[in-house]
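These protein sequence lines are chains A and B, in that order.
Going by the working numbering, the first residue of the first sequence is number 6, and it counts up by one from there.
Going by the working numbering, the first residue of the second sequence is number 6, and it counts up by one from there.
Be a bit skeptical, because a hint or two may be false.
If several chains are the same, the list does not tell them apart, and a pair holds so long as it fits within one copy or across any two.
Claimed, not checked - Below 25 Å or equal to it, Euclidean Cα-Cα: the simulated PhoX-like pairs (lysine-lysine) are:
#1 Lys-452 - Lys-396
#2 Lys-420 - Lys-452
#3 Lys-431 - Lys-452
#4 Lys-8 - Lys-43
#5 Lys-452 - Lys-428
#6 Lys-396 - Lys-420
#7 Lys-207 - Lys-123
#8 Lys-183 - Lys-470
#9 Lys-45 - Lys-470
#10 Lys-452 - Lys-318
#11 Lys-167 - Lys-318
To be clear, the hints were calculated from the coordinates, so they are not data collected in a lab.
Number of protein chains: 2
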Amino acid sequence: MTKIAAIVGGGVIGGGWAARFALMGWNVQVFDPDPEAKRKISEVMAGAERALPMLYEAPLRARGKISFHQTIAEAVSGAQYVQESVPERLELKQKVYAELQAHCSEDVVLASSTSGFKPSELQEGAARPGQIIVAHPFNPVYLLPLAELVPGVNGAPETVEKAREILIDIGMYPLHVKAEIDAHIADRFLEAVWREALWLVKDGIATTEEIDDAIRYGFGLRWAQMGLFETYRVAGGEAGMKHFMAQFGPALKWPWTKLMDVPEFNEELVDLIAGQSDAQSGHMSIRELERLRDDNLVAILRALKGQNAGAGKLIADHDATLRAPLGGEVPLVTVRRTVPVDWTDVNGHMNEGRYGQVFSDASEELMFHVGADRDYIAAGNSYFTAETGVKYVLETHAGEGFYVETRVALGQGKKLRLLHEMKRAKDDALLATCDQFLLHVSLETRKSCPPLPQVLQAVEALAAKHAD
Amino acid sequence: MTKIAAIVGGGVIGGGWAARFALMGWNVQVFDPDPEAKRKISEVMAGAERALPMLYEAPLRARGKISFHQTIAEAVSGAQYVQESVPERLELKQKVYAELQAHCSEDVVLASSTSGFKPSELQEGAARPGQIIVAHPFNPVYLLPLAELVPGVNGAPETVEKAREILIDIGMYPLHVKAEIDAHIADRFLEAVWREALWLVKDGIATTEEIDDAIRYGFGLRWAQMGLFETYRVAGGEAGMKHFMAQFGPALKWPWTKLMDVPEFNEELVDLIAGQSDAQSGHMSIRELERLRDDNLVAILRALKGQNAGAGKLIADHDATLRAPLGGEVPLVTVRRTVPVDWTDVNGHMNEGRYGQVFSDASEELMFHVGADRDYIAAGNSYFTAETGVKYVLETHAGEGFYVETRVALGQGKKLRLLHEMKRAKDDALLATCDQFLLHVSLETRKSCPPLPQVLQAVEALAAKHAD
């Protein structure tokens with residue numbers, strides 16, 4: 006049965022939650038009194054449905070439906086999970102939670118996107134405070150995995166556990182923050198940096214663009230993969246973390262920052278920053294910037310996925326749970342996915358080299374299907390490709406869905422020949438074909454040898470089946 | 006003539022500078038009284054020579070030599086650029102600058118890696134203060150492009166200009182910081198975050214690992230590509246930067262951080278953090294962590310390069326300056342590079358799909374050589390690959406150098422057939438071959454058509470030459 010999430014409050018954050026849930030197979034029921042909510046959410050969804058599937062090698066689950074509702078009661082009907090993203094006003098939020106609890110049973114998770122309030126503040130005066138927790142996401146919600154999960158002292162362990170499972174199910178990383186504190190964890194860092202940045206701009210030390218460059222050409226690249234402490238541990242070198250701290254610690258006493266002070270937040274400062282930001286990025290629309298941001302995030306996340314590191318490891322692990330065993334159909338559908346942004350080239354279409362990767366993935370899926378899986382490889386056996394012939398029939402572009410049909414044309418001893426057809430998802434048009442000849446090898450000798458009996462049998466059976 | 010950089014003070018930072026200069030073709034002369042300097046620098050160099058070439062599609066210049074010297078006078082002999090990275094003690098640095106100026110002519114750039122001192126402090130009492138500036142890099146210096154270039158009021162414009170050119174020459178991004186300020190720009194942010202992180206650990210809100218996760222699964226991914234202000238501009242949505250500031254600005258008045266205060270830096274705090282860091286990362290040696298960090302940075306930078314965005318655009322631009330036109334040899338050497346980390350697969354060797362990319366790059370180089378370059382493509386013409394046949398002969402692995410020899414087997418009207426041989430750099434062993442058939446197309450109709458006359462002539466000439 007399709008699971009249901011209710012989204013209370015749309016906008017950029019609520020819309021991001023809606024898109025992520027729907028693309029991960031949940032039906033989504035939205036309540037937002039804003040007459041523009043439907044348009045805003047569908048715009049977020051358009052970005053999400055382009056970008057999110059690009060992170061995965063496995064096909065995503067069948068998409069859930071997004072529906073819009075006139076009342077909270079209607080929106081939460083049948084929902085296992087409610088995500089509240091209404092404006093940051095405590096009395097409004099408390100009113101919403103009162104209404105949510107009037108219409109939800111106690112086993113439903115009620116989670117807030119708030120960064121400004123602690124869970125104890127949301128829970129105050131509630132009928133069932135244990136049901137209310139914070140699940141604070143980061144924009145764009147459909148691409149960044151982090152959600153700070155903050156129950157406070159009153160959040161019920163069952164609620165936390167349920168929320169954790171659901172967030173993992175939709176590909177997020179629930180970071181359980183054990184003590185409640187203003188702004189949770191990450192936003193405290195953002196706030197510290199934001200304050201310092203305002204000073205630097207106000208005092209004319211640097212422009213908004215120079216500050217962005219100082220971040221993205223330097224420590225931003227470090228933080229995208231290791232964060233703060235592990236980066237410094239490495240910087241400390243052989244002498245270790247204590248040595249690093251001995252070097253860096255005393256800097257705490259130096260008057261390096263203006264953080265003791267808060268810049269006056271007046272119109273002049275807003276104009277200064279908005280003006281510099283226009284000079285820096287005003288030549289692009291917000292839609293174009295969003296697309297740039299999403300393409301960059303997809304490329305970075307896929308790069309980290311290739312290394313099985315950082316946020317890329319989270320996606321790889323989630324990908325594995327989405328991977329279904331191949332069916333018994335003839336020919337076998339071995340790959341089903343969309344073309345990610347990092348696969349296109351100067352001609353604006355998928356680069357010829359990536360076809361090789363598609364067919365390599367197709368043969369890897371077939372290998373797994375016949376039992377030549379990771380364990381088999383770890384035990385010292387594998388198939389290596391000896392020769393491929395690819396014919397490029399039609400162009401394909403980033404975001405386009407496709408699938409690969411694979412036939413075993415020969416499966417005899419150490420020899421295996423596969424015929425792949427790559428087809429466009431929307432109309433089954435043939436995009437490319439591949440004739441692939443593989444040899445079974447021993448990973449110890451790096452020389453060809455017969456496969457183990459159970460793999461050989463499976464290959465022979467497929468060859469016989471596909472010969473018809 | 007090979008250019009010379011002097012490195013005064015080795016260690017992680019000085020060693021990173023030495024490695025970057027040497028890999029970019031400069032001879033490097035090191036002075037460091039530490040008897041371990043040679044070993045330390047050669048360890049940094051081992052990491053650098055593996056990782057840095059992976060960022061480039063073009064071959065790097067012939068590597069410069071690193072030599073070690075007993076005196077500053079000897080180390081700076083013949084140098085155009087001196088990078089000082091001695092310990093952060095002002096009287097020591099001033100003594101070093103006095104000696105440097107005694108042995109360097111006034112047209113040599115004297116740059117400091119300091120984060121703790123302003124240029125005016127280094128220049129104080131110097132014979133020629135205008136020659137001394139700050140060029141503050143970020144670890145690992147051989148991968149991260151940022152260098153904060155801070156001349157202060159006394160730094161000479163000629164010195165800044167010379168330093169800028171040299172830093173660009175070695176693939177860095179000199180960020181000219183116009184006003185001098187303690188800690189320059191980036192370290193002020195790092196300091197703000199570090200302080201806040203110490204509080205969170207000290208107060209038991211989060212562990213070092215939780216803080217790292219809060220960064221690398223969330224805003225770290227944003228900052229690696231856009232930095233702070235552009236990210237927020239996008240978050241503000243259609244309403245723009247002013248709207249974003251109106252939402253976020255008031256938060257400045259909330260008591261969100263402990264930044265007004267400095268945690269006591271005592272042994273207890275050091276033990277707490279070092280202990281958590283051991284629990285988080287202690288199962289890996291510093292060498293292993295460095296390797297992980299470098300592989301991740303290479304993968305992220307290559308991903309951004311593919312998008313021509315952020316720090317990846319800097320590398321793409323630098324790459325273009327390193328690209329030499331193809332020679333007149335038969336066959337043509339079209340590709341010369343190392344296998345980057347993002348090209349290997351579950352079998353531990355270069356994935357078959359990446360061979361397709363190598364041969365695609367090879368044909369693109371040949372296209373450029375015959376005049377079918379970016380301008381030609383922008384004007385609506387290109388070659389599309391119709392068919393390829395690849396034979397995989399030997400395995401190859403990350404970090405291994407290789408080159409591709411290309412022959413034009415047929416160049417007739419709209420038809421072009423290329424034969425590529427991919428060979429290992431160290432012993433010229435054949436790794437793979439590719440038989441590639443291309444058709445000239447109009448990018449408007451996406452249908453085949455004859456090339457423009459000058460391209461056709463060049464193709465025919467090559468075909469005739471390669472037929473011998």
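Review point. Between copies, within a copy, both or neither: which fits Lys-431 and Lys-452 at Cα up to 25 Å?
Key: between (42 Å within a copy, 22 Å between copies)
Point to revise | Within, between, both or neither, where Lys-452 and Lys-318 count as close if Cα-Cα is 25 Å or less | key: neither (32 Å within a copy, 42 Å between copies)
Review point. At most 25 Å between C-alpha atoms: does Lys-167 with Lys-318 qualify within a copy, between copies, both, or neither?
Key: Cα proximity of Lys-167 and Lys-318: one copy only (23 Å, versus 43 Å across).
Practice item. Go through the copies and call it for Lys-396 and Lys-420: within, between, both or neither, with a Cα cutoff of 25 Å. Key: both (22 Å within a copy, 15 Å between copies)
Review point. Given a CA cutoff of 25 Å, do Lys-452 and Lys-428 count as a within-copy pair, a between-copy pair, both, or neither?
Key: Cα proximity of Lys-452 and Lys-428: across copies only (20 Å, versus 34 Å in one copy).
Check your understanding: Under a CA distance limit of 25 Å, which applies to Lys-420 and Lys-452: within one copy, between copies, both, or neither?
Key -> within (13 Å within a copy, 38 Å between copies)
Review point. Using 25 Å as the alpha-carbon threshold, which applies to Lys-8 and Lys-43: within, between, both, or neither?
Key: within (21 Å within a copy, 62 Å between copies)
Check your understanding: Are the CA atoms of Lys-452 and Lys-396 at most 25 Å apart within a copy, between copies, both, or neither?
Key -> between (29 Å within a copy, 16 Å between copies)
Check your understanding: Between Lys-207 and Lys-123, at a C-alpha cutoff of 25 Å, which is it: within one copy, between copies, both, or neither?
Key -> Answer is between: at 20 Å across copies they meet the 25 Å cutoff, but 31 Å inside does not.
**Study point:** Status of Lys-470 relative to Lys-45 across identical chains (alpha carbons, at most 25 Å)
**Key:** Neither: 50 Å inside a chain and 61 Å across chains, both beyond 25 Å.
Practice item. Can you give me the call for Lys-183 and Lys-470, within, between, both or neither, at a CA distance of at most 25 Å? Key: neither (56 Å within a copy, 73 Å between copies)
The structure does not agree with the numbered hints 8, 9 and 10 stated previously, though it agrees with the rest.
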